[in-house]
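Peer 1: Chain residues, written in single-letter form:
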Amino acid sequence: MSEHVILVAGPMGAGKTTAIQALSEIPVVSTEAENTDRATADKPTTTVALDYGEISLDENEKVRIYGVPGQRRFSFMWRILEERALGLILLVNNDAKDPIGEAEAFLKEFSSLQERGGVVIGITRTDVAPHPKPQAYAERIRKTYPGISIPVFKVDARSAPQIMTALTALLFNIESQQAIHEMEIAS
Amino acid sequence: MNNKPQYSLGFEGVDEYNRSLIETMLRSVAPFMDCTWQMAQTGDADVTICGLGIPAGSGRKNLVLQLVNETETTGRTEELTLPLRLMGFLESLKHAEKMLRGNIIDAAAAQPQAAATAAAEPSVPQDGRPAQSWQTFALELLRGVTGEKQGQMKFKIGDLPIAVADVQNDTVFAAFELSDLPRTEVVVRHAWLDAPVESTVTPQSLDILHWQVGMRSAPGNCAPWIKRNGRYRLKYWPNLAVLPHSLGQMNVAARLANVACSIDEIIRLGKLPENEVFNIFNAFGVMGLLQEETLERPKYVIVSDPAEQKRSNVVSSIIGRLFGKRAG
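Same order as they appear, the protein sequences are chains A and B. Following this note's numbering, the numbering of the first sequence begins with 1 at its first residue and continues without gaps. Following this note's numbering, the numbering of the second sequence begins with 1 at its first residue and continues without gaps.
Simulated from the structure, these hints should not be mistaken for laboratory data. Treat each hint with caution, since some may be false.
[Unchecked claim] Simulated coverage check for chain A against chain B, where a stretch passes if three residues somewhere in it have a Cβ under 8 Å from a Cβ of chain B:
{"no.": "1", "stretch": "104 to 113"}
{"no.": "2", "stretch": "123 to 136"}
[As the list claims (entries may be wrong)] Each computed DSBU-like pair below joins lysine-lysine, with the alpha-carbon atoms no more than 35 Å apart:
{"no.": "3", "chain 1": "B", "residue 1": "235", "chain 2": "A", "residue 2": "133"}
{"no.": "4", "chain 1": "B", "residue 1": "149", "chain 2": "B", "residue 2": "227"}
{"no.": "5", "chain 1": "B", "residue 1": "235", "chain 2": "A", "residue 2": "143"}
{"no.": "6", "chain 1": "A", "residue 1": "143", "chain 2": "A", "residue 2": "108"}
{"no.": "7", "chain 1": "A", "residue 1": "97", "chain 2": "B", "residue 2": "235"}
{"no.": "8", "chain 1": "B", "residue 1": "94", "chain 2": "B", "residue 2": "227"}
{"no.": "9", "chain 1": "B", "residue 1": "149", "chain 2": "B", "residue 2": "94"}
{"no.": "10", "chain 1": "B", "residue 1": "227", "chain 2": "A", "residue 2": "97"}
{"no.": "11", "chain 1": "A", "residue 1": "97", "chain 2": "A", "residue 2": "108"}
{"no.": "12", "chain 1": "A", "residue 1": "143", "chain 2": "B", "residue 2": "227"}
{"no.": "13", "chain 1": "B", "residue 1": "235", "chain 2": "A", "residue 2": "62"}
{"no.": "14", "chain 1": "A", "residue 1": "97", "chain 2": "A", "residue 2": "133"}
{"no.": "15", "chain 1": "B", "residue 1": "235", "chain 2": "B", "residue 2": "94"}
{"no.": "16", "chain 1": "B", "residue 1": "149", "chain 2": "A", "residue 2": "97"}
{"no.": "17", "chain 1": "A", "residue 1": "143", "chain 2": "A", "residue 2": "133"}
{"no.": "18", "chain 1": "B", "residue 1": "149", "chain 2": "A", "residue 2": "133"}
{"no.": "19", "chain 1": "A", "residue 1": "97", "chain 2": "A", "residue 2": "143"}
{"no.": "20", "chain 1": "A", "residue 1": "133", "chain 2": "A", "residue 2": "108"}
{"no.": "21", "chain 1": "A", "residue 1": "108", "chain 2": "B", "residue 2": "94"}
{"no.": "22", "chain 1": "A", "residue 1": "108", "chain 2": "A", "residue 2": "62"}
{"no.": "23", "chain 1": "B", "residue 1": "149", "chain 2": "A", "residue 2": "62"}
{"no.": "24", "chain 1": "B", "residue 1": "235", "chain 2": "B", "residue 2": "149"}
We treat Cβ as the ideally placed atom computed from N, Cα and C, and that holds for glycine.
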């Protein structure tokens, strides 16, 4: 059995569990508990360990999707998963106080994935908070990490096609990075 | 260089000597000019050079450059003074190019009230040609992208209801799906509004309008804002989550997001049919996403597609299986 790991990360309330539910072909295994931090995200429950979903490519190959808890006290888990992961879907809610700052903080945490093109950013809740725009994210990221291409999309975490687009962009971006890396070696 | 000609030049009543001289000048300078010209193969040229004593005439559909003797010149930019000199000729072409690119738009922008009325009651001019094509509409949208124009623009595409593009808020208020615009050349009218209008329809992303109009702006060819041999990289990814796109288009976006490429290189990559490669560059241009690489020696050059096709890696395999399965 061959497997590929995709992580879904982001601050609490960004829609990680919902996005995995939109992608997964199996009922998502969630570890929700009562949310004791209603100030950060006003929802009754939050993920305390992992969410898990999967897409099977064929009988012997699967994409495993792990949603990692958004709170930084769980960051030790991020390290473990990052090593195995092919890429990361980073969800950021646009109505947060400093959404671009939050995105940057997560990019820093997952720097090894980010350096090899394995990150896509999905901005959620743009219906209630249209600003900052995706290009503002892209421009700030470009300043911090010149030369690195990170797709930034406005997404509705409930929309399977939109989350699938984010996943596809992630895969194509990694593929392009690899192709360019090979050209670099060849030249 | 092999710049794609964008405008055509024709003759009417020009003597053999001057005709030959103009053709020679054009041939010799064309490779070095950003905007290229070609001699018209038919009588329907963008610009007609009229010989001595041939009146420019009224009711012409195209632009006219009038040959005049040095002693009779009035100094107007539409005049080509004899004996012909290269610099004067080039100046006239530049002026003609500006006219061709801008005059229709300027006319509409200069008369917002009249244009707004026209948008409300569209009609095809008597000569049967559309008042505005996809390309001129794309040029107008570009003015919003570059910040030259701000606020809201009212527009009407063919028989579709009037819609409003809000440049400030990246939204379009339209009672039809922007992802489902007609594919053929249609009359497109527009007018920038002095005051914002309110709409009750659900807003759609302005990106979709840019994308759709850009795709239609010069089917299978370079639009005026794209250089045939330019190498471009995406400043940032287009918001493909809301744009109707194919996997091939996303693949091209991924490549251009990571490295500057020319149109020919992307064609060689083989991810999209040739005409679609032109279309996607045109669309990215309208969206303001392209940044031209000016390095004399590019960092990377895509040499051939087969080597790339043979490359086998985990990601390609996942993409293939994921979408092979979904398509099935």
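Peer 1: Let me make sure I understand: some of the numbered hints might not hold for this structure. Which ones are they, in numerical order?
Peer 2: 1, 10, 21 and 23
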